[in-house]
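With the first letter of the sequence shown counted as 1, position 45 gets the number 25 in this note's numbering; the numbers rise by one all the way through.
In case anyone wonders, no lab produced these hints; they're calculated from the structure. Errors might be hidden in some of the hints.
What the hints assert, rightly or not - For lysine to any residue, the following SDA-like pairs were computed, each having C-alpha atoms within a straight-line distance of at most 25 angstroms:
#, residue 1, residue 2
1, Lys51, Ala33
2, Lys(-11), Val13
3, Lys(-11), Ala7
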Amino acid sequence: SALFEGATKLRAAIRHGAGLDMVPMEAATAAGVLVANVPAVNARSVAEYVMFATLALLRRFRMVDRDLRAKGWLAGRDHT
-19 SALFEGATKL RAAIRHGAGL DMVPMEAATA AGVLVANVPA VNARSVAEYV MFATLALLRR
41 FRMVDRDLRA KGWLAGRDHT
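Please construct the entire structure, taking both the sequences and the accompanying hints into account.
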C-alpha cells in the first residue's frame, strides 16, 4: 500500500498472467490506480518452454552440451 501512496503519478498497475491476489486492491483504489491483469498473454511462450525443457531433459541436453564444449565435435561420445 505504501507503493500506491508514494507513486502519485501512477495511473495503472497491469499484471501479466492470471490473478491479482498479490495486489492490495483497497490501497490501489484509494489512490485512484486502475488495476488489471492480462491472463494467458504468455501462455504460448510457457508451452514452448515446457516442450523444450522436456526434450532437453529426455535427451540429456546439458550433458551433451557440456561434453561438446569440453571435447569438441570430433570426440566420440556415449550419451545413453
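We went through each hint and held it up to the structure:
no.: 1; hint: Lys51 - Ala33; result: 24 angstroms, holds
no.: 2; hint: Lys(-11) - Val13; result: 9 angstroms, holds
no.: 3; hint: Lys(-11) - Ala7; result: 15 angstroms, holds
Hint compliance for this structure: no hint is broken.
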